[in-house]
Amino acid sequence: MSTGIQVSLGEVAASLALVAVAIAVSLWRRTDLEEDIGIAVIRSAIQLTAIGYVIQAIFDEDSLVLVLALIAVMVVFGAFTARRRAKRVPDALGPLIIALTVAAVGTLGLVVALGVFDPTPRYLVPVGGMVVGNSMTAAAVALNRLGDEMTDRAREIEATLALGATATVAAAPGVRRSLRSGTIALIDSTKTTGLIFFPGTMVGMLLAGADPTDAVRLQLILLWVLLGSVALSALTATTLAYRNFFTSAHQLRDPPAP
Amino acid sequence: MLFELDGVWLSRGGETVLRGVDASVPVGATCIAGPSGSGKSTILRLLDRLADPDSGEVRYRGEDVRERDPLELRREVCLVPQLPALLDGTVEDNIRFAAGCGGRDPDVPGLLALAGLGAGFAARDGARLSVGEQQRAMLARALALEPRVLLLDEPTSALDPDATAAIEATLAGLRERLEISLVLVTHDLGQARRMSEWLVRIDRGTSVAEGPTDELLARAAS
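Chains as they are written, first to last, in numbering that gives the first Met the number 0: chain R, 0 to 257; chain Z, 0 to 221.
Keep in mind the hints are simulated off the structure, nothing from the lab.
Hints are supplied without guarantee of correctness; some may be wrong.
Chain Z regions said to be covered by chain R (calculated; three or more residues, Cβ under 8 Å) [stated by the list, open to error]:
| # | stretch |
| --- | --- |
| 1 | 75–83 |
| 2 | 94–102 |
| 3 | 140–148 |
This structure is a prediction, so every number in the text was calculated from the model and none was measured.
C-beta atoms are modelled at their ideal positions from N, C-alpha and C, and glycine is treated no differently.
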């Protein structure tokens with residue numbers, strides 16, 4: 000599908016000129032972001048180089064067990080990262096780990112079963128990385144919203160419980176809005192793709208010398224796969240996490256102030 | 000006795016809200032009165048198990064409320080919370096939602112009439128009602144469950160004197176027509192005198208007096 004492309008370290012280093020522009024803007028307009036930009040550049044270099052070696056090792060071994068191990072590590076790191084956005088959700092880590100696992104396993108399993116990709120590391124590693132990354136963002140946004148919904152609308156939720164409604168029924172409007180929040184960004188970007196931005200996979204393939212038709216087809220597959228994984232992740236995270244706001248007697252753990 | 004509280008303690012966010020409350024609430028109309036922050040709304044929430052005490056016991060008709068299914072209890076002992084607490088949608092949506100929780104088919108115009116609202120209110124958006132109308136819509140919604148007890152949390156605190164008198168008249172009418180018991184939380188002793196036969200006075204998280212309303216208020220005045 001694609002041809003090889005060589006990128007020298009010199010070329011990578013040259014692109015630092017644009018980082019210098021970003022730092023210059025920060026210094027000139029005193030946005031106080033120089034340090035963050037520096038950290039971002041150093042971290043991206045270290046993290047991507049490291050993952051590059053890991054991926055190379057997995058490709059060399061050609062082992063599905065290593066692929067699964069890599070995805071498991073990404074799921075755990077993704078869940079810890081997403082938990083920072085979901086501070087108002089009690090015990091969010093468990094739901095996040097399950098959500099990312101369901102999204103990764105469900106999505107990759109389905110695309111392999113449908114014959115979209117071969118079950119080899121060359122496909123599963125990059126697609127798995129995209130799936131976990133996007134699922135993490137969706138779950139984090141959804142749980143961030145869920146925390147706000149359950150806290151800010153506690154009075155309405157308790158009023159519903161007072162009518163003899165179950166916790167599931169009382170939480171349903173907030174869960175629905177959270178699920179929507181978690182998935183809407185990807186849906187919107189999928190709608191505008193090709194019009195106002197070129198997605199990364201397509202850009203990468205074109206730069207690597209691939210035929211534009213192939214680049215577009217692969218990009219479509221990935222966009223549609225991501226839609227499914229993001230929906231699965233946000234659905235699982237919200238469905239599991241809303242329960243943590245209630246006791247088994249359908250009471251809010253943190254009721255509104257009288 | 001309708002309700003009995005026996006040595007009830009409750010803390011929230013590290014702060015002790017109730018300090019060993021002992022109280023009894025007979026069938027009929029009872030007011031739980033006290034200054035704001037005294038814990039009276041919290042007591043109301045214990046009666047239908049929207050919260051459980053840290054220690055002590057709450058009994059409904061002689062049975063520990065923790066022995067009851069909380070959802071069934073809340074349909075029988077229905078709390079009308081302080082505003083704003085209507086769900087999104089029309090007044091009829093709200094009434095039908097509540098009736099659905101109890102598996103009932105509501106007589107919407109009849110329930111609106113009981114709460115002192117005309118049939119035309121069914122199609123009105125809950126968010127666009129006045130405070131007094133919202134209070135009545137919440138009452139109609141609670142009545143859709145055909146409860147045996149209504150718990151009312153400061154039902155007139157946001158109303159002017161005319162609207163307060165009108166709601167009080169509606170509640171008195173409900174008692175006569177439906178043989179329903181009322182437990183009403185208020186900071187207004189005048190309302191306690193008008194609305195209740197039994198009074199429980201709460202101060203700083205503990206019950207300081209209880210008895211027939213007239214006797215208790217006469218004793219306080221002398």
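Verification of the hints:
1. 75–83: With 6 residues in contact (Cβ-Cβ under 8 Å with chain R), the coverage given for the stretch 75–83 of chain Z holds.
2. 94–102: Holds: 4 residues of the stretch 94–102 of chain Z have a Cβ under 8 Å from chain R.
3. 140–148: It holds: at least three residues are needed, and the stretch 140–148 of chain Z offers 3 whose Cβ sits within less than 8 Å of chain R.
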